Amino acid sequence: MAVAELVPWFQIASTIIAGIGIITSVSLGIASLNNNRTDRLIKISPNLLFNVGGQELAATLQPLKRIPGVATGEQDVEEFLAALPDGYLAPFLEQHYGQLYNHGAGPGLSVEIWFQAERLTVKGQERSLTRNERESLPYIKTWNMMSAIPANVPPGGVASFGTLPICVLAAHPDVTTVTGNMYIECHDQHGRSLQWSQPTTYFIDRLKSDKATITVAFSQRPVSLT
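Counting in this note's numbering, the sequence shown runs without a single skipped number right up to 226 at its last residue.
These aren't lab readings, by the way, just hints derived from the structure by calculation. The model shown is predicted, which means the values in this text are computed figures rather than measured ones. Keep in mind that the hints are not guaranteed to be accurate.
Unchecked claim - Label-pair distances were calculated between CB atoms; the ranges are:
| hint | residue 1 | residue 2 | range |
| --- | --- | --- | --- |
| 1 | 94 | 222 | 29 to 35 angstroms |
| 2 | 151 | 174 | 48 to 54 angstroms |
| 3 | 192 | 88 | 40 to 46 angstroms |
As the list claims (entries may be wrong) - Mimicking DSS-like on lysine-lysine, the simulated pairs with C-alpha atoms at most 30 angstroms apart in a straight line are:
| hint | residue 1 | residue 2 |
| --- | --- | --- |
| 4 | 211 | 141 |
| 5 | 208 | 65 |
| 6 | 123 | 211 |
| 7 | 141 | 123 |
| 8 | 123 | 65 |
| 9 | 211 | 65 |
| 10 | 141 | 65 |
| 11 | 123 | 208 |
All C-beta atoms in this analysis are idealised placements derived from N, C-alpha and C, irrespective of residue type, glycine included.
Between the sequences and the hints, there should be enough to build the whole structure, so can you do that?
In structure tokens form, the structure reads like this:
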């Protein structure tokens with residue numbers, strides 16, 4: 001085959017190779033843009049953290065006739081209420097608490113918390129909850145979830161909460177502390193679900209027949225070494 005006949009084939013091959021190079025470059029460029037977009041989304045996410053320290057809250061002791069936020073009439077609810085000690089009085093808060101700050105660059109939407117109890121102090125003796133206890137009333141998740149006030153927290157904003165976890169509200173009169181983890185859950189403006197945890201302890205002081213003090217202590221968030 002003459003050289004003159006080979007030239008068009010070289011031109012065609014060169015064009016194909018150039019086209020592949022352009023496609024590859026565009027693909028890499030799109031991947032890079034996607035990665036950059038992911039980085040940007042991460043940077044504008046909320047970062048919710050309770051103010052470290054303690055809050056002392058006034059509470060009024062009242063009969064517990066229903067479980068706040070839980071439908072009445074269900075058999076397990078009625079059985080739980082019936083099993084409370086005679087004359088049981090629960091501590092109902094007189095004020096909001098929490099000081100949940102958004103330290104991030106994006107809003108936290110539909111913010112909720114749920115408290116998972118792990119240890120109790122009963123008559124001065126601390127003990128861990130058994131697995132069966134953690135999976136039973138009043139320690140289950142649905143009984144210990146609380147919506148933030150306001151539910152949407154902008155960057156630099158703060159939220160609070162008006163009710164106690166049911167495992168604290170309905171704690172036996174001999175229980176003086178309930179310790180565990182507070183899980184903070186929300187969505188960001190891009191629809192992603194986010195969650196943080198923070199060690200938390202509730203101290204219950206029954207001062208008089210109708211008055212109590214609840215102290216809520218939030219610790220530093222645990223740091224993962226992995």
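Checking each numbered hint in turn, tell me which of them this model violates, lowest number first.
2
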